[in-house]
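A.B. asks: Each chain is listed here by its residues.
4 protein chains.
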Amino acid sequence: MYDKLIRNIKVGVIGSGYWGPKLARNFHAIPGAELYIVSDLRQDRLDHIAGLYPGVKVTRDYGELLDSDVEAVAIATPVSTHYKMARAALEHGKHILVEKPLTNDSQQAQELIDLARENGRVLMVGHTFEYNPAVGFLRDFIASGKLGQVYYINATRVNLGIFQQDINVVWDLAPHDISILLYVLGVEPVSVSARGSAYVQPGIHDVAYLTLSFPDGVMADVRVSWLDPCKIRRITVVGSLKMIVYDDVEPVEKIKIYDKGVDMPPYSDTLEEFHLSYRHGDITTPAISSAEPLNLECTHFLECIRYGKKPRSNGVVGLRVVRILEHAQRSLLNGGEGEGISW
Amino acid sequence: MYDKLIRNIKVGVIGSGYWGPKLARNFHAIPGAELYIVSDLRQDRLDHIAGLYPGVKVTRDYGELLDSDVEAVAIATPVSTHYKMARAALEHGKHILVEKPLTNDSQQAQELIDLARENGRVLMVGHTFEYNPAVGFLRDFIASGKLGQVYYINATRVNLGIFQQDINVVWDLAPHDISILLYVLGVEPVSVSARGSAYVQPGIHDVAYLTLSFPDGVMADVRVSWLDPCKIRRITVVGSLKMIVYDDVEPVEKIKIYDKGVDMPPYSDTLEEFHLSYRHGDITTPAISSAEPLNLECTHFLECIRYGKKPRSNGVVGLRVVRILEHAQRSLLNGGEGEGISW
Amino acid sequence: MYDKLIRNIKVGVIGSGYWGPKLARNFHAIPGAELYIVSDLRQDRLDHIAGLYPGVKVTRDYGELLDSDVEAVAIATPVSTHYKMARAALEHGKHILVEKPLTNDSQQAQELIDLARENGRVLMVGHTFEYNPAVGFLRDFIASGKLGQVYYINATRVNLGIFQQDINVVWDLAPHDISILLYVLGVEPVSVSARGSAYVQPGIHDVAYLTLSFPDGVMADVRVSWLDPCKIRRITVVGSLKMIVYDDVEPVEKIKIYDKGVDMPPYSDTLEEFHLSYRHGDITTPAISSAEPLNLECTHFLECIRYGKKPRSNGVVGLRVVRILEHAQRSLLNGGEGEGISW
Amino acid sequence: MYDKLIRNIKVGVIGSGYWGPKLARNFHAIPGAELYIVSDLRQDRLDHIAGLYPGVKVTRDYGELLDSDVEAVAIATPVSTHYKMARAALEHGKHILVEKPLTNDSQQAQELIDLARENGRVLMVGHTFEYNPAVGFLRDFIASGKLGQVYYINATRVNLGIFQQDINVVWDLAPHDISILLYVLGVEPVSVSARGSAYVQPGIHDVAYLTLSFPDGVMADVRVSWLDPCKIRRITVVGSLKMIVYDDVEPVEKIKIYDKGVDMPPYSDTLEEFHLSYRHGDITTPAISSAEPLNLECTHFLECIRYGKKPRSNGVVGLRVVRILEHAQRSLLNGGEGEGISW
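Residue numbers (our numbering), protein chains in the order written: chain A, 1 to 343; chain B, 1 to 343; chain C, 1 to 343; chain D, 1 to 343.
The hints are simulated quantities; they were obtained by calculation from the structure and are not laboratory data.
Treat the hints with caution; some may be incorrect.
Under the rule of at most 27 Å between Cα atoms (straight-line distance), these lysine-lysine pairs were calculated in the DSS-like manner [unchecked claim]:
id, chain 1, residue 1, chain 2, residue 2
1, C, LYS57, B, LYS22
2, B, LYS146, A, LYS231
3, A, LYS57, D, LYS22
4, A, LYS231, B, LYS231
5, D, LYS231, C, LYS231
6, B, LYS57, B, LYS84
7, D, LYS146, A, LYS22
8, C, LYS231, B, LYS231
9, D, LYS22, A, LYS22
10, B, LYS57, B, LYS22
Given only the sequences and the hints, what does the whole structure look like? Please build it.
C.D. replies: What follows is the structure, given as structure tokens:
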């Protein structure tokens, strides 16, 4: 299965908090990659990594990582540092995988895109869900026309924690849903609004509701919260022919396709005769690959480097998400007023 | 248990579509009430009722019902007819139970309140959930202080159907959640906004999102839809000490109390030291009476008549709900702009 | 839909405890039947019935019921009285629907069959699940060959209560599963064994496990209990091509068809090469009619009377269930020793 | 947290099929242990391990492992080889952790116990569930008396696969449940019986039902299957005061304590007065540590070595399980006849 002849790609991981170790684990395990060095400001995190992967270098100075001969760098640091880290890595000639959101500023995201293009380096954003087989199924199902016309999408992504201190819940959790929406609909929203509240940490919204308007009247509503007793990861897509629920918390039945709908009568002479009819047909749970999305993402990153391919979740996609987040943030601070977005 | 000495109250039910037969069944079964007459415009509905309750009179003319010697009238007709029906019933000296929402116009709701007061008749609104034992538990739990400070409430009430033709989904489903919110919080909202779409019937919103702001920063978000593959009836109440989920679709575990929360550290000298701590304690499902809420509601109506009591869901409560709906409707047509409400 | 020309069948119901009122409700509601009279030993039960159905006669003397001109009698009394009641009803020329199990003695069941045949009367047993659309789906699916060869069936029917005092849990709950097994497999078991315990009432088993061996190596295991914290009504049917779970407690997804299985390799030279392969395909939830099984059962009973048809759950089927129960009872008292059954 | 002064224990893992890599991962990660060498007959498995842990030696010759200076050996090979491997390891002076079941022969299990005792080495069996915090909760709850008298236990452990070729489903899956039963009840069964079938591989039972009788009339029924569409890991413990369900598949609510029961009336003069009363109280889900049981098990093994402690799941416990399995196997081949067990 694994071609011994492909060259090994040496990888460094900057940041070893919540997500960095997952990247490290995958780059360590994927054939054709070598986890070479990990950097973090905290020594205890580095000790943890060193314990797991005795051959891997660790350093508190990410400059040392950049100066090493790693070909690729994965950046899993706080969002506010993404731009600086990514810029430095590109300037050192590295291919980069930056955690979502790409940056906290669209201008900076554009600069990274430009820099990567000039240097001929891969710039990929860690929109993990674009590599999730269930999301791929959703996209294919919609594209096939089997869902009919998409009416609306409702998404919920809530649980207790993990509260961030440099970004609010919109910047933390909504990038997942926004990247999923862009990916499965294949089109950008024309406007966005957001409302929310900050209950635990003053000034940092921990509960928020986003509304994205897409062309053709498609509405998408997203609920994100760090302050909910239950872990919910659920997306409902309602179309004119079928309805789908994607529940990422379900161990097996992640996708359910409902053959449900409402049919208008062809005509009716009197109001009394007028009756909508409801269709309650079969429910189908397709078999979905249980491959780990992050593994698929890391493998894709390595392939883009190896074969000069453009990543699915490339910089331009990452920029789109940042721009939507910026508009949502403005709406959030503005009492939920809708923000038109020009593309 | 049932006191043979209490006098029987003769009841008429106007409307025998979806809800009327449930009222009929209860008034037929509750000791101390006599289901005397049912009216509806459709003969097949009346035949159905006559088949179930051979002794009960049926008529296509509700005037006949009002002219009978029934003491109490339950009105379960389309919302647009509530005012006319209720007014006529009060003018005939009847006590009335009007399905929710009380009217589609707050001015008319006020007139009914005034008329009932002048005539010394009971005016009750069919806010069934105020009689639901699980909702009563929620109210008591919040009032006891065990939940701590209420942060926010999220409510979802969706399924496929039943599409209405004289009102949209906000007027159809949201009265349940609004009456629950008013009841469990014991306070009126200061503003409301609503957004939504009409996918199946042009001009009649079938999907909507409401946001109600209550005093002290309490937010309540309500999602209602006639166009969802799953039946969801779920309310999450998040407080500073506990969190509760009320899932009305669950056959047994309707209420779950989560001993979960986030605690701020008392102080911290450096940012590095700063850590929120998460509490993940026990989950408790209290035993909740399985009494049918509508039975409790009808019994309460009869008691109010018999003993001259003011109903829990009286006209003033019904008016509050109508006023909130009116503001929500205006917001809905106005792109979701927030509407302040003065009480 | 309802043919006004069919003649009305007058029905009497003997017994108004747990099940009788459900029979009464259905015979009251089904067009073409008239609930004429209900008998019970307890006056409070009769008062309840009289309150619900003012036109219906009630009596504490079932002889009065038999002497009336009802054409059909439904018997929902304790099992130990079934034979006496059924015999008397047949001798009065009535068609009878007897609750399950038909009798507590196979000889008596045979006598009832003979008597009904001699008198040309319908003898039907209240095996409700044979009229359950989900069970019908199971039977059809197996018969179609889509499940492949049936390997085994596992059934669980447990909850807290209702403890009986004249029969144990095997006679109370297992008739449901036995009648389902006979119906969906279309064949009789060759042997049965049963084990169990009596925890609450000395001498009356409240927990039991039955094993039925069917031809071709098909095994069916049945767990019944009055003493379980959860209500479980679940049947798993495992075949060589597909597997099905029928969960009667599920409000919507009662049947799930799993495209799962194990395939033997066609051949393998060495043990190392030998690998079973597992198939994890789609899961399908077919749309199943939500018609009330008891309504379908009562309707079937009336049709059998009206058109001289032989009931699906006729006396012979009822006798089969009683015979299996007798063998199970003997095994239960005999430490679980298997009992061969000759048909 | 981790005391740098404790000496490191070098560990070897024999067998790298399904379970071995999990042991390797834990011994690699636990402070105070060093995963030093892994052996397996298959080179591809060794390549996998070498890829994950570059510093770890791998070998196809387990003799090389035994000849190394590892202090402890974990054995995760097919059951039929346990005795030979364990004996050789003890003879080389190693402390050993043997996967469950300890052996396929009680005489051999006794020999290993004796040998370990003579050599002063730790012999521990991999009964993972004895280290599962939920099982610990069960044991403590029963021991506290809060459950009241234990009536019975019902256990289900089924899913599709993994079919074994050297042992049947009883030897493969039932050791988990048997070790749980011994641990939570703290007493040995007086008899066991087993029935089952072999559907996929002739002669190797893939579906089985075990019944264990414990003192004081406590019954435990265990259902195991490799041939079920659903993964079920569920144990119900019914007591006179409370009932508990332990569902290991549930991500959060693993344990539910039901305040349910049946109460006999203190006395009753007539049968008519006799009524059992049912208690339907609160349901409580205690917070259970989410620590990985295998990590706790491996840590316990290391502590036993380091401090000369006797393991919780020591050889005598492992022998008990093997003896029960031997009796179950005899019953299985003997048509389910009960086997008394003398301790």
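A.B. asks: Does each hint hold? Answer for all of them.
C.D. replies: Taking the hints in turn, this is what the structure says about them:
1. Note on LYS57/C and LYS22/B: the hinted pairing holds, with a Cα-Cα distance of about 25 Å set against a maximum of 27 Å.
2. With a CA separation close to 23 Å, the supplied pair LYS146/B and LYS231/A stays within the 27 Å bound.
3. Note on LYS57/A and LYS22/D: the hinted pairing holds, with a Cα-Cα distance of about 25 Å set against a maximum of 27 Å.
4. For the given pair, LYS231/A sits about 19 Å from LYS231/B by alpha-carbon distance, which is consistent with the 27 Å threshold.
5. Of the pairs offered as hints, the one joining LYS231/D and LYS231/C holds, with about 19 Å between alpha carbons and a cut-off of 27 Å not exceeded.
6. The hinted pair formed by LYS57/B and LYS84/B meets the criterion: a straight-line CA distance of about 22 Å does not exceed 27 Å.
7. For a cut-off of 27 Å, the pair hint linking LYS146/D to LYS22/A is broken: about 42 Å separates their Cα positions.
8. At roughly 21 Å between alpha-carbon atoms, LYS231/C and LYS231/B fall within 27 Å of each other, so this suggested pair holds.
9. Distance restraint check for LYS22/D and LYS22/A: the Cα-Cα separation of roughly 17 Å lies within the 27 Å cut-off, and the hinted pair is therefore satisfied.
10. This hinted pair checks out: LYS57/B and LYS22/B have alpha carbons roughly 17 Å apart, not beyond 27 Å.
Checked against the numbered hints given earlier, the structure breaks only hint 7 and satisfies all the rest.
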